[in-house]
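Enquirer: Protein sequence lines, in the order shown, are assigned to chains B and A. The first sequence lines up with residues 1 to 495 when you count with my numbering. The second sequence lines up with residues 1001 to 1095 when you count with my numbering.
With the Cβ distance kept under 10 Å, some of the chain B side facing chain A (calculated, not the full set):
hint	residue
1	S215
2	V247
3	F335
4	G341
5	A353
6	V381
It is worth saying that the hints were derived from the structure and are not from the lab. We put the beta carbon where it would ideally sit given N, CA and C, even for glycine.
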Amino acid sequence: MLTDLTKLSLAAARKGLTDKSFSASELTGAYLGAIEAANPALNAYVAVTGEQALAMAKDSDARLAKGQAGPLEGIPLGIKDLFGTKGVHTQAASHILDGFKPEYESTVTANLWRDGAVMLGKLNMDEFAMGSSNETSYYGPVVSPFKAEGSNANLVPGGSSGGSAAAVAAWLCAGATATDTGGSIRQPAALTGTVGIKPTYGRCSRWGVVAFASSLDQAGPIARTVEDAALLMTSMSGFDPKDSTSVDMAVPDFAAAVERGVKGLTIGVPREYRMDGMPGEIEKLWTQGLEWLKAEGAVIKDISLPHTKYALPAYYIVAPAEASSNLARYDGVKFGLRVSGKDITDMYELTRAAGFGREVKRRIMIGTYVLSAGYFDAYYVKAQKVRTLIKKDFEDAFHAGVDAILTPATPSAAFGIGDETLAADPVAMYLQDVFTVTVNMAGLPGIAVPAGKDGKGLPLGLQLIGKPFDEETLFAAARVIEKSADMDFSPKRWW
Amino acid sequence: MSVDATTVKRIGRLARIRIEEHEVAGYQSEINSILGFIEQLGEVDVTGVEPMTSVSPMVLRRRDDVVSDGGYPEQIVANAPLAEDNFFMVPKVVE
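Could you build the full structure based on these sequences and the hints that come with them?
Expert: Structure representation (structure tokens):
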């Protein structure tokens, strides 16, 4: 009976708690039990904070009894290991932050605790959020709760927020925090039949979140329904004077926008997203999504975003450049791992060689190279100019009356762990983000919503891209797709 | 543009990451594959285009130039691999 509580949507759990159908302690206990049973197989959590979770749940029960419940009172959440959580494991799934327990709490998680949420533990991810398959984690890959029909092979949940997506899909938390620099919320959400939104740059504070590429990083939620994602988004958002790029504007009640519908909205279809060699089932899904929106009263309009194909190469200059600068702080002096050497430079070099994984080292080296003397203008400045053009493409579309843009979320369904083609060529893996990365480059909001399945029963997602700070339209349009698809995207339990 | 083995070692030194001799060839080919991918940006005409400095049109906020934080050195060094008397300890830098 208790384990069934984990199957409730976040919204339904909230109702059950306020109706006193069950207590926050029972709900948290049910999730902790589910984690204990599943984590050896899925590897979604890198740290479980059971005692702290039960203590937080007990406090929630007291507030619920007094009628002082916050908007997320008693809701058990998983937190990506990238968020600083006071006194709790925070390593960005890297060896170099060995043993790091921050003395502070990130603003986004502090907002969630302020609203009554309960922390179950820290979620696995690609090391420093660099990856699209959750295979670069120091703690080993996350195993997707999904299997292809007729196969027993382990699949990836996507990345970098692979632990968040897998935990949400496998009922190991009611919702999760995640972050997105090039697609790290939307791609894993799409591969696991969950909903993930990257809000407009500046909507969520970056304070206390381990930095990857500061001009692109944004936090957002992954949840099982559009409504759940909207509830989490409202709590996570808000102005923070401690982040100089945080935007000082009111946070709407996102959940109130979910049932608004799309009647009269203009949905753009960018022709450049119709990539060569796009699988037929992705093409079909996209067309189906457009038909659903049209049936609910939206107007479909063909648009052009001519610089789309340059977003990914520009990203692989900007993101590594910013990463090489941000990750300079890991030197074996202030926190984490230290490997001794014959002098201080030796110590730096040995510490960083031992502490960073291969993908992280590769990106730091690319970043160091493109920023080095003589190359800065040719690479970094050029990429930032291309970024201006990418943003202008979107602005032109929005000025021409487009309210939101519909695209596929990923070029394919989930792939196998240890895929040889992807392992052999870094660029092949980078192409996972081909539909999502433009959104980060332009600072826009984007949501991934499950919309169908491939031939082997694996979930496929669609992406909606919105105007700056118009996440409400994205929730409304994503809800139309969710309702129209009307499919069960939960995995068949094998763990 | 592509990098040779000497450049790979130089980048490693600049990035303060020890690259062992047997790792050079691997990094060289991976970095060159990424640089090859990036090269297509050469097709884009950026004449007269301003490089992006901020995705949203905003002026960087400034706070008053006063001390607003601090006074807890023990928290600052709490996670240091080696600390003494609230100082970070490092190998000798100056003889």
